[in-house]
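**Q** Since each chain comes alone in its own frame, lean on the hints to assemble the complex.
From first to last, the protein sequence lines are chains A and B.
Oh and the first sequence: position 129 is 220 in this note's numbering, straight run, nothing missing.
Oh and the second sequence: position 45 is 67 in this note's numbering, straight run, nothing missing.
Just so you know, the hints here were simulated from the structure itself, not pulled from any lab data.
Where is the CB? At the ideal position from N, CA and C, for every residue including glycine.
Any given hint could turn out to be false.
[Stated by the list, open to error] If we take Cβ atoms under 10 Å as the criterion, some of the chain A residues that face chain B in the derived model are:
hint	residue
1	GLY134
2	THR135
3	GLY139
4	PRO149
5	LEU155
6	GLN159
7	ARG161
[Said to hold, decoys possible] Just a few of them, taken from the derived set where beta-carbon distance is under 7 Å, the chain B residues facing chain A:
hint	residue
8	ARG25
9	PHE26
10	GLY54
11	THR55
12	LEU58
13	PRO59
14	GLN126
15	LEU130
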Amino acid sequence: MAKQVLNFTVNDEPAEVLVQPWDTLLDALRERMGLTGPKEGCGTGDCGACTVHVDEKPVASCLLLAMQARGHSVRTIEGLGKPGALHPLQDAFVRHGVPQCGFCIPGVIMAAAALLAENPHPTEEEIRYGIAGNLCRCTGYTKMLAAITEAAGAPVGRRS
Amino acid sequence: MRRFELVLPGSLDECVKALAQAPADSKLLAGGTDLLPQLKNGLLKPACVIDLSGIPRLRSIEAGNGQGLRVGSAVTARTLELDRAVRANYLSLAESGALVGSVQVRNLATLGGNICNAAPSADMAPPLLALDAEAVITGPKGERRVPIAAFFTGVRRTVLAPDELLVELAIPNPGSHSGGSYLRHTPRRELDIAVVGVASQLTLANGRCAKARIALAAVAPVPVRATAAEQALEGQAVTPDLIKRAADLAVEAARPISDQRGSADFRRHLVRVLTRRTLTTALARAGA
Chain A
92 MAKQVLNFTV
102 NDEPAEVLVQ
112 PWDTLLDALR
122 ERMGLTGPKE
132 GCGTGDCGAC
142 TVHVDEKPVA
152 SCLLLAMQAR
162 GHSVRTIEGL
172 GKPGALHPLQ
182 DAFVRHGVPQ
192 CGFCIPGVIM
202 AAAALLAENP
212 HPTEEEIRYG
222 IAGNLCRCTG
232 YTKMLAAITE
242 AAGAPVGRRS
Chain B
23 MRRFELVLPG
33 SLDECVKALA
43 QAPADSKLLA
53 GGTDLLPQLK
63 NGLLKPACVI
73 DLSGIPRLRS
83 IEAGNGQGLR
93 VGSAVTARTL
103 ELDRAVRANY
113 LSLAESGALV
123 GSVQVRNLAT
133 LGGNICNAAP
143 SADMAPPLLA
153 LDAEAVITGP
163 KGERRVPIAA
173 FFTGVRRTVL
183 APDELLVELA
193 IPNPGSHSGG
203 SYLRHTPRRE
213 LDIAVVGVAS
223 QLTLANGRCA
233 KARIALAAVA
243 PVPVRATAAE
253 QALEGQAVTP
263 DLIKRAADLA
273 VEAARPISDQ
283 RGSADFRRHL
293 VRVLTRRTLT
303 TALARAGA
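Isolated chain B (complex conformation) (with noise of 0.2 Å):
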């Protein structure tokens, strides 16, 4: 591996210090499971690396009474396929987490770095849009918060200044009579990459959809929300027939390439199936 700096802060007050003072081309490293395979293969040549794994806030969960969840950016996919309060209230988010890599993997893929690395068919990302979840951001001038959906601002790009770092994930509760789900389609059941992800949440009130969230990734350079399948749902009694229908409308939010992992027709196909399927999970669990 090409040589670099280790920096190793022991809190998040050195970390901003220490990355104030780094060079501007320094990575931030949290599971490492895309970063050091790209510092092996000379894609990035940093000549600082700052550790993330000795800050303890960025490693820690938190979900108070009904006030939602804290998830530190260092949280590794394998704690949130598994911690029970994320499995109680946020149940999408645990199974993207469930789906990274292997075990080996998802021991040390962190959910911010999933997110900060901002690959188009992130896994995290479709549940954090469809959980309306605020980043929340540190840097030398203080702390900040964006929304998910604005976080991501083109393939591997984010709103992150050179010298922040994402902090938590803020996710508000979503209340009982919620539920969501997540599914992905890859040819190959694991240790693959999406080739289109769907989260759908959807709250309930007197038998009606009181509110509808659809997120969608590997279908644009972002993660995106499918806003007018939302729409259609909201306000409504939802039936299997709103729920084709909000899938036909979810496509239109798509913007699909054409690679070697799946056509844009493919993909907008897997939009309608997966929006379909999720809606019809997410419908289950806000009534169970």
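Just chain A, with the same shape it has in the complex (with noise of 0.2 Å):
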């Protein structure tokens, strides 16, 4: 079966790579462009570690094939802050120390992400919430919540 040829744009910049038909957008990321943020945790959909943005939109990386991303916008964790310009939420998981074994991380970061560009003002259970579909095994959740929270410029332990 014959490679496809997929344009979309990746972190700003138009892309054109060939794809398997069954590659997932995850697959494309990682192995055809080298953009090793998001990770592969169960491949299912359970756990997030794959979550970019598609449109502006959280969704899980490893659950879309490459070619639906046709002609879309897709952010990774390369595309939402830069060395020396890090996100408000990079910032504050560096400064938080949040990172444990670090995998589940990117997924995390880019979840958030998602949440505060529509609403930036989340309370601790809309936090909770919008950070449901990612799976820390170090089980790092309390510091997530804390830089979260920073990053919204809201008061550390801030209850709904």
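**A** Written out as structure tokens, the structure is:
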């Protein structure tokens, strides 16, 4: 079966890559474009480690065929901030020392970034709901909440 | 993942033609949240997959003036959760959309996928039954409409022929004196499958119940209406006592099995509790 040409936008740049029909968006980003920020944890949409934005909405990139992203705009953690110009969430995650093993962190930050874009001042309950699709095997959720709360400009520990 | 050919139709006509020419075991791909895991684990091995994401009509929602709602089969759970028109008059459907998976899954998972997969626990099925929705189906022989209650024929089975696809759900406007609610029980709050789900819709006229609909998920091979409970409510002034009686009657419509998610007895208990709660909420919303 012939490869297909995928034309889309990745981190604000137009991109054209050859993909197999059965490649997922995650495969295309990691294996064909070298964007290894999104991770494959479960491959079934349960863990959220592969979270990227498609047209600014958070999706599990392991559940989307690469060709389904044709014509769409994809953002990975690599396109969220840059060294020296970190996204407020990245900055807060560094200062709070959130990552333990770090595997879940890109997905968590992308989920949290989508939440804050839609709801700049979420309650603690809304933050918890916003990252409910992200599993952290190190169970480092407390620092995540603190970092996201701080990045949202709300006092740490605010209750809903 | 196992290899397959991927067809990318750009219109409904192209899709119908592609489906007619494709091998019988071909699969339609909407959100992929059910299909991709089954392709990955080898449960399904189609030679051909047809992607629906490039067909604009399937992704549209239309709410005409008092004309009811048309929801394309590839509209996502997240859109149902947030759409103003859906929330205004079809709140139980929005509530069921909000319960599916995580936000990362809800941005992909579709109404049509939830319905066509025909899991007994499908969250969006009970609201559609309670709202008297019709499935609009198309194929080589043209379009046909099937009441949603007749759409499901068994566990993971529907009336769809191999060369047909679900285009949209047509839902009549229940009117301003109507209210609905969907609730389900899951051991885990997020990303879980319903042990039991119940949708209720009550329409009032002159202080009495003009129309009642109660639909149950995960208590039979297909989603079912609790018609005896509905009949007990219709024509009556809806009191807490009557709601309790209706909840008891709803249990009779359930034919649950015992499995790892819950025993048959627990499911019957949940039908009673969730019917009472959804009716109470539906009544408050109908009066508001």
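**Q** Determine for every hint whether it applies to the structure shown.
**A** Here's how the hints hold up against the structure:
The restraint placing GLY134/A at the interface with chain B holds, with a minimum CB-CB distance near 6 Å, inside the 10 Å limit. For THR135/A, the suggested interface contact is upheld, since its CB lies about 4 Å from the closest CB of chain B, less than 10 Å. Taking 10 Å as the C-beta cut-off, the interface hint given for GLY139/A holds, the closest approach to chain B being about 6 Å. The closest approach between the C-beta of PRO149/A and any C-beta of chain B is roughly 5 Å, which is under the 10 Å cut-off, so the hint is satisfied.
The interface hint given for LEU155/A holds, since its Cβ lies 6 Å from the closest Cβ of chain B, which is under the 10 Å cut-off. About 5 Å separates the beta-carbon of GLN159/A from the nearest beta-carbon of chain B, less than 10 Å, and the hint is met. For ARG161/A, the interface hint holds, the least distance from its beta-carbon to any beta-carbon of chain B being 7 Å, beneath 10 Å. Taking 7 Å as the C-beta cut-off, the interface hint given for ARG25/B holds, the closest approach to chain A being about 6 Å.
The closest approach between the C-beta of PHE26/B and any C-beta of chain A is roughly 6 Å, which is under the 7 Å cut-off, so the hint is satisfied. The beta carbon of GLY54/B is positioned within 7 Å of a beta carbon in chain A (closest approach about 5 Å), and the interface hint is therefore held. Here the hint on THR55/B is kept, as its CB sits about 5 Å from the closest CB of chain A, short of 7 Å. The restraint placing LEU58/B at the interface with chain A holds, with a minimum CB-CB distance near 5 Å, inside the 7 Å limit.
Taking 7 Å as the C-beta cut-off, the interface hint given for PRO59/B holds, the closest approach to chain A being about 4 Å. With a least beta-carbon distance of about 4 Å to chain A, the hint placing GLN126/B at the interface is held under the 7 Å criterion. Interface hint at LEU130/B: satisfied, since its Cβ lies 5 Å from the closest Cβ of chain A, which is below the 7 Å cut-off.
Of the numbered hints stated above, none is contradicted by the structure.
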